[in-house]
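Engineer: Single-letter residue listing:
There are 2 protein chains.
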Amino acid sequence: MQTPRTTPSRLAKRAHYDAETIHPILDEALFCTVSFAVDGQPMAIPTALARQGDKVYIHGSVGSHFIREIEKGGPVCITVMLTDALVLAKSAFHHSVNYRSVVIFANAEKVTDETERMNVLALITDHLIPGRWDDLRPTTDSEMRKTTVLSFSLAEASAKVRTGPPSDDPEDEDLPTWAGIIPMQTVRLAPIPADNNTGTLLPDYLQ
Amino acid sequence: MQTPRTTPSRLAKRAHYDAETIHPILDEALFCTVSFAVDGQPMAIPTALARQGDKVYIHGSVGSHFIREIEKGGPVCITVMLTDALVLAKSAFHHSVNYRSVVIFANAEKVTDETERMNVLALITDHLIPGRWDDLRPTTDSEMRKTTVLSFSLAEASAKVRTGPPSDDPEDEDLPTWAGIIPMQTVRLAPIPADNNTGTLLPDYLQ
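Taken in order, these protein sequences are the chains called F and W. If you count the first sequence from 1, position 152 lands on 152 in the numbering used here, and the numbers rise without skipping. If you count the second sequence from 1, position 171 lands on 171 in the numbering used here, and the numbers rise without skipping.
One thing to keep in mind: the hints can contain errors.
Since copy identity is lost for identical chains, a pair holds within one copy or between any two.
[As the list claims (entries may be wrong)] As a list, the in silico DSS-like pairs of lysine-lysine whose alpha-carbon atoms are at most 30 angstroms apart: (1) 72 x 55; (2) 13 x 72; (3) 13 x 110.
Read the hints as simulated data drawn from the structure, not as lab findings. Computed from a predicted model, the values in this text were never measured in an experiment.
Chain F extracted, bound-state conformation:
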């Protein structure tokens, strides 16, 4: 939703407020940065996230300072950024990055229903490693007691996206400098078994 604080001061044409743009970015990102302020002091923590419907979820230890602070419900700012390419123009000034970012202004809501809490942990686990949750032993009551689950509304979320080639000044167009993009990608390499993995074959969902 476009509100004063989700309207960028620069390059407003790159801003988007529709779920069709915002949701896929959140679904591709594995990690976000959660920013909050304590007595005017900004603090930020990178953590895993997962989206379902019009909410994003994070989890953490009940003992963490970060979780205890934001579960109070004060304002937080959650950012994700996917970098698709470095953009090389003919001037340093027009160098850029092709990226897809989302900024969410929201307040944490603590998820308290035990079934919903478990569903969110499954959601986050399968977001990082699709198919993993059903292959794991059930989470115990003790583990659940040690875990806080928080949700955040996407009502005040916005995306910013840059795509395409460099945008050069007319007077630079004919310079003999190489211009174009260098695509970037985050890839997963072959899984490496741990020492306690005696004889278990790599499951299909990890192939």
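With chain F held as given, fit chain W onto it using these hints.
Structural biologist: For chain W alone, kept in the frame of chain F given last:
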């Protein structure tokens, strides 16, 4: 430096305060998230960074709300995170991530010396694309006037690092669940020339 706000509440054994740990993480990261607060409202922006000595530098448009806000010199929190692997334990609870992150608490200092400003722009450009700066036409006075360069001290920086295999509970060790790590890597793909790149061969530094 270890101070109350750089001491994590959880897993303090993963925290580091030495330049030998912190600098290489900052030098590998291309982007950071800069968090600041305006009247208690946290805001955060992903942006490019580069380190030299015991400072990190960012740049931006003189007209950007973000830059104008943090150049006032209020407290900011800069985070970077490199994700090296997903860590798959035999329980959901012990799933983790191998990561290297840095959190910097600092206040922006505006770089005003023109030579230093130019050097920082070269530093950031070559951090993203090594060798690029010397291949570009000189930056103009007009471009310099549109650009703000900010520095941040690393005096209050800390790193947090997790490495190695999953850490399972003793009673889970013999479960037949696959356990191990899935390494992750950010890679650069083959450069794609822009339409205005008529005939210029790919320079050596981009090979």
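Engineer: If a hint holds in the structure, say so; if it doesn't, say that too.
Structural biologist: Status of the hints after comparison with the structure:
With identical chains, the CA atoms of residue 72 and residue 55 are at most 30 angstroms apart within one copy only, with a shortest distance of 18 angstroms there and 34 angstroms across copies. Only between protomers do residue 13 and residue 72 lie at most 30 angstroms apart by alpha-carbon distance; the minimum there is 27 angstroms, versus 35 angstroms within a single protomer. In the homo-oligomer, the alpha carbons of residue 13 and residue 110 lie at most 30 angstroms apart only across protomers (28 angstroms), although the nearest pairing inside one protomer, at 35 angstroms, exceeds that limit.
This entry satisfies every hint, going by the numbered hints stated previously.
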